[in-house]
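Residue numbers (this note's numbering), protein chains in the order written: chain A, 1 to 252; chain B, 253 to 696.
Worth flagging that the hints you see were computed from the coordinates, not collected in a lab.
Keep in mind it's a predicted model, so treat the numbers as computed, not measured.
Among the hints, a few may not be true.
Mimicking DSSO-like on lysine-lysine, the simulated pairs with C-alpha atoms at most 27 Å apart in a straight line are [unchecked claim]:
no. : chain 1 : residue 1 : chain 2 : residue 2
1   : B       : Lys-644   : A       : Lys-14
2   : B       : Lys-308   : A       : Lys-108
3   : B       : Lys-604   : A       : Lys-108
4   : A       : Lys-226   : A       : Lys-165
To list a few chain B residues with every Cβ distance to chain A over 12 Å, as calculated [to be verified]:
no. : residue
5   : Tyr-352
6   : Cys-633
7   : Gln-651
8   : Gln-659
9   : Asn-670
Heads up, the beta-carbon is just placed ideally off N, CA and C, and yes, glycines get one too.
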Amino acid sequence: MLVIQNLQARVEEKEILRGISLTVNAGEVHAIMGPNGSGKSTLASILAGKQDYEVTGGSVEFAGEDLLELDPEERAAAGLFLAFQYPIEIPGVTNTYFLRAALNNVRKARGEAELTMTEFMKHIRSKVEMMELDPSLLSRSVNEGFSGGEKKRNEIFQMAVLEPKLCVLDETDSGLDIDALKIVANGVNHLRGEGRGIIVVTHYQRLLDYIVPDFVHVLMEGRIVKSGGKELAHELEAKGYSFIEEELAAAR
Amino acid sequence: MTTDLKAKADAFTEIFDSAHAVLNTLADGRFADVRERGIHKFREYGVPTHRDEEFKYLNLRHLSESAFKIAYGATVSRGDLSHPIVSTDAITLAFVNGQYAPELSSADTLPDGVYVGPFDELPFEVDQAFEKQFGRVANLVGKLGTTNDERFTYLNQAFFADIAVVFVPENVIVERPIHILNVSTANLGAFVAAPRAFSYFSANSQAKLIESFIGLTGNYLNVPVTEVVLESGAIVEHVRVQDETLAATHIGTQAVHQDASSSYTAFNVNFGGQVYRNDLNVWLNGSGTETRLDGVNVGTADQVMDNHTRIDHAFPHCNSFEVYKSVLRDNAQGIFNGKIFVYEDAQKTDAKQTNQALLLSATAQMNSKPQLEIFADDVKCTHGATIGQLQKDALFYLQARGIPKAQAESLLVYAFANDVLARISNEAVRQALETRLFDKLEVA
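Bound conformation, chain A alone:
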């Protein structure tokens, strides 16, 4: 589904990704872990099409297409979804209007009929309940005045509504209390399987107790330095990132 090969990128003169290769198949959950500044969020942003980065080498293929050639909206239409680390507030645009516009654009791109307001409300009802969203948030401006937890739940709610092929969660656990974390994890687990790929970018192992990954990759200084199963996350939790640094030093 997603094939990243030797991806390199920089911001201005600073190299951030130094050759990342990663393959995600349908049905798999991959966790990408790493210390601050390792390039995790950069990778997530580049996949979604954020302009601030310059890709200097490598390739990304998504569902048979050259992802890097697509505009952000085309990536969304092709089935890629980024849950933002810092969801953006958009005053004056209601959550409902925004999400229906998003869904109808994605549906149009898939060759499906657009939903009327009534059909749309029906489509989202169960998802509002699953994410335990206060229904009043739907008629408020997108993310405006939402608490940190509400913003993150709103991201996963959008994901559930748009039903993407590949979900990229960028530090969705940051700033969440344990109850909100469980709700978010529950939302993600509902989308698991069904031929869908999920990439969970996180600094901490905590979220992975609830969204159990099939693969764990450790990102350091712009490279994947170690990959393994879910037990790797536990090892990192117990020993910290320094044990990998030591392993790497020993191997050099």
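The hints should help you fit chain B onto chain A, whose structure is shown.
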């Protein structure tokens, strides 16, 4: 320079000389002297240049080069009026090129004592209010600051034909909006028109006033003056819609007197005009008043949109809140000057002014000038002006959810401007303006 100014003034004097005989047949010649004084005062100043402080950024050179005639006898049929604001339910008083148009007005049964009609045989109570205040509200003589420039108020005084009169007696609540509809059509050649309105809201009355300026065809100069008086405790929402033709020049004066504990909310919504200017002056004539002045300007092509607002806080414990927003595309130019005068006695004044502009092209421009002059020491006065482009992060967020870039941009622009319209209390009026906003942004 002196001869230059004199020559410019004389262009309008010529129009006056050819027209005042006709104008003086109206209202039994009651305003003949008023008109003479108006043209005399205008002649002292002439057409402003950029050397005149209050017209620094507004180029009006074309006014002295155009061959305007006085507007007289034009008619418009209902079928010509497709503007969404025209079809909102209201007690409607219509004028075409400044002249009363009964065929476009509504014949409504009004609550006891309420008057909505042209200046004619005014009922006794209305005539008293009119005599007391007409022409006095528009004038700022004797107030702080010497920077207001009233030459176009005088030009209106010289040229006005009929007068829209609205009167609401004490304690009366008028539920339906009262709409003063001003239609302009220059199909018989360029003209100058001077719509004039006088609205008087007696103590503890409540009403919603719509004042619209709808242009149908051609090049013309509109110099409307509207006077609004709120007695103590009156609550008024005033929506002023300016949608002149893109060839027209509109230079308006909107003067408001608020007695103690009254509440005045104004929405100035501007879509039209090649050159638009409005001076909104609010005189706070007692304590405990609430004033809210909101504005939305949507300028495209070579439009120029200039809003001057002035609030005189002369008494203690008065609040004023002001938000003016502009969306400017292509070569459009926006100007904002917001004056707030806080007099020595006006302790506990709470005044907040915000001016925001969204520039959608590299050639659009905005000049913003907050002007606060405070002579009292225990007050809260703030102002903020921002001029910017669409927020990149917001644009990316919408795109990342599948909304194409062009649609995402329109959505953000619409949201920026609609934030102000969303506060209009009458739903039909709000929807009509939202529809127009949407059209203007799509077409542009």
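Beyond 12 Å from every chain A Cβ - status for B/Gln-651: violated (4 Å)
Verdict on B/Gln-659 as a residue remote from chain A, using beta-carbon distances over 12 Å: Contrary to the label, B/Gln-659 does not stay out of reach of chain A, its closest Cβ about 7 Å off (not over 12 Å).
Outside-interface status for B/Tyr-352 - nearest CB in chain A farther than 12 Å: holds (39 Å)
Given pair status - A/Lys-165, A/Lys-226, alpha carbons within 27 Å: Status holds; Cα separation ~26 Å.
B/Lys-604 paired with A/Lys-108 [C-alpha distance capped at 27 Å]: Violated: B/Lys-604 and A/Lys-108 sit about 45 Å apart, past 27 Å.
Assertion that B/Asn-670 lies outside the chain A interface [Cβ separation over 12 Å]: Check fails; 6 Å does not lie beyond 12 Å.
Satisfaction of hint between A/Lys-108 and B/Lys-308, Cα-Cα up to 27 Å: violated (51 Å)
Given pair status - A/Lys-14, B/Lys-644, alpha carbons within 27 Å: With a Cα-Cα distance of about 22 Å, the restraint between B/Lys-644 and A/Lys-14 holds, given a limit of 27 Å.
Interface exclusion of B/Cys-633 relative to chain A, criterion Cβ beyond 12 Å: Holds, since 25 Å exceeds 12 Å.
Hint violations for this structure: numbers 2, 3, 7, 8 and 9, all remaining hints satisfied.
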